[in-house]
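Engineer: Take a look at the letters that make up each chain.
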Amino acid sequence: MNAESITELTDLDKRIVRVLQGEFPLVAEPYKTLAEQVGVSEETFLERVKAMQQTKKIRKMGAVLCHREVGFKANVLVAWEVPEDRLDEIARHMAASPSVTHCYDRNTAHNWPYNLYTMVHGHSREECEQVVKKLGEECQVSKHVMLYSKHEWKKTAMKYFCE
Amino acid sequence: MMMELTDFDKSLLNLLQGSLPVCSRPFAKLAEELDTDEQTVLTRVQELKKEGYLRRIGTFFDSNNLGYKGTLVALKVDPSKMQTVAEAINLYPGATHNYEREGRYNLWFTLLTPDLETEARILDEVQSLNGVEDMLNLKANKKYKINVQFKLH
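Protein chains in written order, with my numbering: chain A, 5 to 167; chain B, 3 to 155.
There could be a bad hint or two in this list.
[Unchecked claim] Lysine to aspartate or glutamate pairs mimicking DMTMM-like chemistry, simulated, CA-CA at most 20 Å apart:
1) 31/B / 53/B
2) 147/B / 51/A
3) 52/B / 109/A
4) 154/A / 102/B
5) 83/B / 102/B
[What the hints assert, rightly or not] To be clear about the criterion: a stretch of chain B counts as covered by chain A if any three or more of its residues have a C-beta under 8 Å from a C-beta of chain A, and this derived list gives those stretches:
6) 16-30
7) 39-52
8) 127-135
9) 140-148
None of these hints come from the bench; they were simulated from the model.
Heads up, the beta-carbon is just placed ideally off N, CA and C, and yes, glycines get one too.
Turn these sequences into a full structure, and let the hints steer you where they fit.
Structural biologist: Structure below.
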């Protein structure tokens with residue numbers, strides 16, 4: 005990220021972001037519908053969307069599935085304690101696993117030595133355990149905690165530029 | 003009762019997860035790749051959405067590149083106060099994911115804010131909620147992967 009890419013976000017871009025984060029119209033010409041909501045031509049709208057893809061403000065156009073409905077019933081957040089000098093190499097290795105959907109390097113805290121976080125999805129808790137065991141062996145990292153969720157209190161998509 | 007996914011559905015969902023074309027007729031473009039017509043794709047996508055297979059279809063933004071600041075917060079919460087603490091956190095629009103988890107730190111939420119001042123103010127408020135015994139602010143240094151895709155076979 006650099007300062008320039010943020011200043012490039014014009015008022016029009018923000019209006020486009022606001023309509024894009026709403027419901028995507030499942031019609032033949034969805035961008036035409038969205039462009040009308042913003043009050044610009046479809047051509048301009050598509051141009052701005054492509055520009056925001058290029059500057060990586062948009063990271064994906066597409067769908068995310070309900071993982072439970074498609075058979076991925078189990079998931080676990082794993083916090084790993086990784087030696088600092090191998091962090092990058094290990095993070096890249098773990099990120100390459102198809103079972104890993106998120107992989108972030110994070111700050112540690114007092115009495116909390118974990119510096120690498122992976123979200124692991126599987127068809128069952130057993131499969132998650134196997135994936136984690138395998139990743140640990142491949143990367144020669146033994147210290148980790150498995151943070152299974154007990155209750156989902158909230159899961160929403162962020163609404164940008166609405167504050 | 004969920005319907006069974008056909009081979010066509012699986013191909014469609016695999017394509018959709020990868021990307022939706024940015025052009026005037028995106029579903030016609032998908033139809034070409036699937037060797038069918040636009041209306042068939044549109045109808046099926048609408049049905050799959052209605053059936054609950056699609057969590058979200060549309061645009062996914064990079065919060066950092068839009069200028070937002072993000073963090074992961076871990077709380078140690080008195081179990082008898084869990085619900086009131088969790089509900090207080092849910093009120094922040096920038097708290098997008100909030101999960102009770104196994105372990106010493108039993109409530110974990112992600113927070114997005116337009117600037118670090120707002121983040122600091124919210125974290126102060128959260129830390130002083132009745133029942134919050136400890137808080138970790140686990141800022142990301144590098145995001146190696148954000149890619150929620152489930153390949154269907």
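Engineer: Does each hint fit the structure? Answer for all of them.
Structural biologist: Hint check:
1. Between the alpha carbons of residue 31/B and residue 53/B the distance comes to roughly 23 Å, so the proposed pair goes past 20 Å and is violated.
2. Under the criterion of a C-alpha separation no larger than 20 Å, the hint pairing residue 147/B with residue 51/A is inconsistent with the structure, at around 27 Å.
3. Among the hinted pairs, residue 52/B with residue 109/A is inconsistent with the structure: their alpha-carbon atoms are about 36 Å apart, more than 20 Å.
4. Distance check on the hinted pair: residue 154/A and residue 102/B sit about 5 Å apart at the alpha-carbon level, within 20 Å; holds.
5. Simply put, residue 83/B and residue 102/B have alpha-carbon atoms about 12 Å apart, close enough for the 20 Å limit, and the pair holds.
6. Residues of the stretch 16-30 of chain B with a Cβ under 8 Å from some Cβ of chain A number 13, which satisfies the need for three, so the listed coverage holds.
7. Check on the stretch 39-52 of chain B: 5 of its residues sit with their Cβ under 8 Å from a Cβ of chain A, so the three-residue criterion for coverage holds.
8. Counting residues of the stretch 127-135 of chain B whose CB lies closer than 8 Å to any CB of chain A gives 0, so the stated coverage by that chain is violated, three being the minimum.
9. Given as covered by chain A, the stretch 140-148 of chain B passes the check, having 9 residues with a CB less than 8 Å from a CB of that chain where 3 are the minimum.
In terms of the numbered hints stated before, the structure departs from hints 1, 2, 3 and 8, listed from lowest to highest.
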